[in-house]
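Residue numbers (the working numbering), protein chains in the order written: chain A, 1 to 876; chain B, 1 to 122.
Please keep in mind that the hints were generated in silico from the structure rather than gathered at the bench.
One or more hints might be untrue.
[As the list claims (entries may be wrong)] Pair by pair, the computed Cβ-Cβ distance ranges are:
1) A:Asp65 with B:Val76: 26 to 34 Å
2) A:Leu72 with B:Ala111: 57 to 65 Å
3) B:Gly31 with A:Pro123: 38 to 46 Å
4) B:Pro32 with A:Arg378: 42 to 50 Å
5) A:Arg77 with B:Val76: 35 to 43 Å
6) B:Gln44 with A:Gln50: 15 to 23 Å
7) B:Asp78 with A:Leu72: 36 to 44 Å
8) B:Pro32 with A:Ser201: 56 to 64 Å
9) B:Val76 with A:His81: 53 to 61 Å
10) A:Arg385 with B:Arg82: 43 to 51 Å
11) A:Gln50 with B:Val76: 20 to 28 Å
For every residue, glycine included, the Cβ atom is placed at its ideal position computed from N, Cα and C.
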Amino acid sequence: MILLNRLLASMRKRKLEEGLDAELRFHLEMETAENVRRGMSAEDARYAAQRSFGGVERAKEAWRDRRFLPELEAWVRDLRHGARLLARSPGFTAFAVITLALGIGANTAIFTALHALVLRPLPYGDPEGLAAIWETAVFRGQPTWMSVSAPNLLDWREHNQVFEGIAAFSSGGVNLTQEHDTLRVPAARVEPDVFRILRVSPSLGRMFLRDENEPGRDRVAILSYGLWQTRFGADPNVIGRRIGVNGAAHLVVGVMPRGFQFPPRTATELWTPLVLDERAGSARGSHWLAVIARLKPGVSWTAAQSNLDGIARRIAQQYGRPDGASVEPLHGEAVRATAEMLSVLSGAVGFVLLLACANVAHLILARTAGRRRELALRIAMGAGRWRIVRLILAESVAVAAVGGAAGLLAARLSLSALLRAAGDRFPAGVPVSIDGATLWFCALVTLASAMLAGLIPALRAGQLDLTTALKGAAGSTGAAPRRRPSLLMVCEIALALALVIGASLLVKSLKNLSQADLGFRPERVLTVKAALPQAHFQTGAQTAAFYDRLLADLRVVPGVSRAAAITLLPVESEDIRSVFSIEGRDPAAPGNEPGALVRIVSPEYFEAIGIPLLRGRCFQEADVRSGRLVTVINRRVAESYFPNQDAVGQSIALGVGDGRDAWMTVVGVVGDHWNGGQSDPVPMMIYTPLRQFQWPLGTMSLVLRTSGEPEALAGAARRIARQLDPNAALFQVRTMMRVVSDSATGTRLLSRLLTLFAALALVLAVVGVYGVMSCLVSQRAHEVGVRMALGSSRGRVLAQLLGRGLLNAVAGSIVGCGCAIMASRGLQKFVIGVPVIDLWTYLLSSLAIVAVALLASFLPAWRASRADPLVALRNE
Amino acid sequence: MSTGERTQNSKADVPQGTLDLLVLKTLETMGPMHGWGIARRIEQVSEDALHMNQGTLYPAMVRLEQQGWIKSRWGVSDNNRRARFYVLTAKGRRQVSAEERKWERVAAIVARFRQPSPEGGQ
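For reference, chain A alone in the conformation it holds in the complex (with noise of 0.2 Å):
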């Protein structure tokens, strides 16, 4: 409040001085007109008024002190130096501006993104409470996150006592239809507690009543603001409305204010009541929820942990599962894809900032050494050490300010690019601007980048000695003799070699994935979702006959040579593997048995994909229910499981022990495919044939095989299948080549914008390496001088020179490969195909920087080496 008092009357100055001019002369002539009262002559009078007042200047100057800010006043001095310093050598102060505008800009924009998707809590009630539950598992040693099955789910409902409440939900597409226009919405389905936990409410209507999880009584929906807007016209009588979810008539009974997202960060436009006992879903094996719960408060994490772990231990106990169970606040496990993204970002961008900062004060560094003179003076003249500190930070502050400011606008224009390039990477419907928090994380940096940029140099302009400086030789600095690596071009040269070995990686990453031996031949197949309604569809058979009758019709479309259905894409597919058993051997230990990931595909799949049939037969069109169960497996499953025997003729079974299903035998072995970025990047296949499958299936991906350009043919396949059942949707038309490219949309974000960031990085790093080695040249040129009058050759002086380059440059990319090393982790994710530690890539980037940092080198040595000795030596 002072603070600001103080503040304000820094601007009326003037006004006030003058006022207190008036005051303090009003003191002393009414001190004087008492003391001629009392008798003194009216000189004596003067001198006695003044004598009892004091020093008038003095009394002043406290009064000065108190009144405005005498330290603010003397910043505001020197940055107005600063400043007419810095007008004065444009070309200085363009670069150093630009350099640290693209550092601050890059950050501030990266951490916009950062702080709207990741850090900004969940738009609920009390986001803090809320908790994700998952049950864990042991495969193969490796601890794993599965969907949680319903009586598990039941259980720690009714045992916890740490939980206000825990629901499930479970997430997909609905089939929306209206009038006679079926369309596919993102959806889910909630137990009606979901809404109550999040602590939300409906716009219009009301939430799910707690009965509505009812067979029967569950024909009722609750649409997002956005669904309603763009698809019911904002209608507020839509309370009460019908619609066709699935193929089944539904009320409407609410709308959801905007902003809703749930499942959080999704864009999810539809929510339907989650009926718990349905179909196979009631076995203690069957994995197919997500859950959440909001702590009682004053419930640590760790104690609701160790509540749910003596849970799963008691069913563990009770039914002989292995089923373990896993607490975290949704928050984390909500944001965790885009953490994992922003944060590679953040510590590039990091990278190019400190980078920035090592140049600008390398600039300021060689700038003060050119002024020496000068500080010495004012030293000399009573100057204080803090006052030339000072003087020489005020410069690197008014840099960082001006470069701050452009940064900001930096950061406003490159941030709807970035979040277009993003794509689906960043999660929908949550917005992200500049806003007050991003202000002042850019003032923060700013500051933080005046700092660094400007600290070494005034702290080494604060020890000048003064003596060497005003005599003005020109063979010592004030700095230390340079026998050692120079520290600023040590650190450039590491952050830069970092940043390059990253980019690398990634770019290695991307020629690997469009080089890579996929598998099957994307060229000229288009790929449809088809989702079938499922109040028409109630078994397979149904479904079996629905796309037996689709694909049979595409097939006479012309320009169609082969279609087919799967139930997951290559590449698109989710990694979760089924395990199974091997009919006549021992069933394997717990957590060790034989897993793969499970297809179900119409006969003519192999063809249409273009996956090759290595033994046996594909599947054909009598592989039906009723006759002989079959499978096919693909060459790893056959070389792992049936090692040196015949696959072809063995019978598997999809589980194991008593949630064993029917033994199936193997008839055909196919070629291994490449499934994208997952951990493990050629699986192991089993399919089934869709027409042996017992259950009815949600969504398919057709896949056709064409002749011409596949894109024109998504109208006849829509046409075809709304013939057929005007409930039905296709969505997500994408060509085969375009499903492979979408796999890797974050790998090659994060790949543009680390060459990007490493281009940048690698531009500073020249022109620090270069002034550097210009410094280093000039405060050197009288000894090169003494040198050469000596005898000593140009060749040796420049060899010796770029020597000291040399050594600083590898002493960069040792300690860059370290930082490349350390922040490896953060790429684990990203890079597909090649070890995050390639040493390949390392050793070549470093061979890269190395040479590029002698080239920079080479200009200053190479015309220190051609000075003339006389000149140097003159300037004694």
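Model the placement of chain B on the given structure of chain A, informed by the hints.
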């Protein structure tokens, strides 16, 4: 100023921190006053026993004003001159009584030490 022994007639310096209280107390009893008036008043009440450079009053007034204990406005003095008058605020009034209580406590403690101890100390 020497900190050694003082004769009865030498003036005492204004002790650190008491100037604030003297000013506030003056304004409390006398109402709005200008700087010179305050300085005169302090000297008179102390019967010229206090030595104070009148100039030190003005930085003190700034501090009191910044604390919100006094306010100032321009007015006209008895001899028809423009002068800055200082007025005690409500907050200043509370400060006076708080300060007074503090002084009384301190004075009481000091007084207790000045009485010869009953155990017959020196």
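Ascending list of hint numbers which this structure does not respect = 2, 3 and 9
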